[in-house]
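J.: Chains H and U are the protein sequences, given in the same order.
Residues in the first sequence are numbered from 1 upward in steps of one, following the working numbering.
Residues in the second sequence are numbered from 1 upward in steps of one, following the working numbering.
These are computed hints drawn from the structure, not numbers from a lab.
It should be emphasised that the depicted structure is a prediction, and the values quoted were computed from it without experimental measurement.
Among the clues, some could well be false.
Unchecked claim - Derived DSBU-like pairs (lysine-lysine); straight-line CA-CA distance at most 35 Å: (1) H:Lys-8 to U:Lys-148; (2) U:Lys-173 to H:Lys-36; (3) U:Lys-148 to H:Lys-47; (4) H:Lys-92 to H:Lys-36.
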Amino acid sequence: MQTLGDHKLPHFFNYPPYFTLQPVRETREKQIQLWKELILDYCRTQKVFIIGLEEDFPLFSNPGIERSLNHEAREVFLSAIVLDGRAEWMDKSHRQCLILWHRIKDWADIILNFAKENGLEDSVMTVEEIRTGIESRGTDIHGMDRGVLMRALKLLENKGKLAIFKGSSTDDDGVKFSV
Amino acid sequence: MVMLAEKMRQKLLSGSSSQVAATNDEEMGSKEEMQDWLLSVGIVSPVTKESAGALYHQQLSRQLADFVKVPLERAGGIMNLIDIYCLFNRARGTELISPDDLLRACSLWEKFNVPVMLKKFESGVMVIQNKSHSDEEVFSRIRSLVQKPDTLKSGVSATDAARTLGIAPAMAKEHLLAAESKGFLCRDVSPDGFRFFINIFQDIDPNDAYLVKEYGVYDSWIRAAIPSRSQFVSA
Numbered sequence: 001m002q003t004l005g006d007h008k009l010p011h012f013f014n015y016p017p018y019f020t021l022q023p024v025r026e027t028r029e030k031q032i033q034l035w036k037e038l039i040l041d042y043c044r045t046q047k048v049f050i051i052g053l054e055e056d057f058p059l060f061s062n063p064g065i066e067r068s069l070n071h072e073a074r075e076v077f078l079s080a081i082v083l084d085g086r087a088e089w090m091d092k093s094h095r096q097c098l099i100l101w102h103r104i105k106d107w108a109d110i111i112l113n114f115a116k117e118n119g120l121e122d123s124v125m126t127v128e129e130i131r132t133g134i135e136s137r138g139t140d141i142h143g144m145d146r147g148v149l150m151r152a153l154k155l156l157e158n159k160g161k162l163a164i165f166k167g168s169s170t171d172d173d174g175v176k177f178s179v
Numbered sequence: 001m002v003m004l005a006e007k008m009r010q011k012l013l014s015g016s017s018s019q020v021a022a023t024n025d026e027e028m029g030s031k032e033e034m035q036d037w038l039l040s041v042g043i044v045s046p047v048t049k050e051s052a053g054a055l056y057h058q059q060l061s062r063q064l065a066d067f068v069k070v071p072l073e074r075a076g077g078i079m080n081l082i083d084i085y086c087l088f089n090r091a092r093g094t095e096l097i098s099p100d101d102l103l104r105a106c107s108l109w110e111k112f113n114v115p116v117m118l119k120k121f122e123s124g125v126m127v128i129q130n131k132s133h134s135d136e137e138v139f140s141r142i143r144s145l146v147q148k149p150d151t152l153k154s155g156v157s158a159t160d161a162a163r164t165l166g167i168a169p170a171m172a173k174e175h176l177l178a179a180e181s182k183g184f185l186c187r188d189v190s191p192d193g194f195r196f197f198i199n200i201f202q203d204i205d206p207n208d209a210y211l212v213k214e215y216g217v218y219d220s221w222i223r224a225a226i227p228s229r230s231q232f233v234s235a
């Protein structure tokens, strides 16, 4: 099967009309659904958190069939994901889109489980250690976007599951779990 | 030219409506010549608002139905209304009809048993077509056209469809757009141009995008378009 990075692409990625925004309502709805799934799937396997609309996001073009999504199409598909609550525009002019292939609350659950599985109750860890340390290797947490991680941690803090404390630099920011 | 034509027409009209026979051979000759000329361009004698009075549109309607037979056949059974307007007025020479007259005359066809009809596409384009050139017939021909191995892979342009259907590209495009709005085709717009493909989206399960139903449209498309199913393209 065709791959992009190590992500397996579905066959319809080679269908030229897939790259043209369809005008007929029912057809467009189907097309949007397929793009939403593909974008979320791809971002999850490739750990992509931010898509820049004007940048060369590899999923938006298929050089094999010489087609790529125009700006309007990109915005329509990403807006559909935003509407689903699985992405957020980072700016008013819709140039950058934050992809939440896990929702913030789902990230929070994943981090909580991570803490439990690694016996981190009552222990302290820096935010960077959570993100890049050995314990998180092989999990979705490893290499995750720092901004998203902070939001998930704040959510957990509000639930009383941990306490965030600032270090002398952001590298030293840490959490104390009280799971 | 117009003055000459007007003179001729007056002579003809006075000749046909009066009971007095032609006064001399010369006049007879010129009248016959005139009728010959008119016959050669397809109009026996122009129906005018004067000669037909209240029945004007009805008579125009019948004359129009007769007139369009030949050009319509030549055009493969479907023609743009604007083209008919030009052809018809050119043939009449004088006493040109207005677009409104044309439209009214065509609309009256419904009432008569004529083999032609007026049709308006969703895009607003108005055409005249042979009743035998039905939408269903064209639709099924488009269906077979887009499911051939090479058209599954590369789609069809309006020109391709025009060639197969034997009609003008502009008319073919209208039919393709109609098929698209029925959900049968998808468009592909690129620097290569404007092409249509069979719609495979309808055959893909959004909850399982990697599933290919056997013998479905998606399956046919894959067989035609993807030579090897194990290509590896790295980013």
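J.: Of all the hints given earlier, name the ones this structure violates by number, lowest first.
T.: 3
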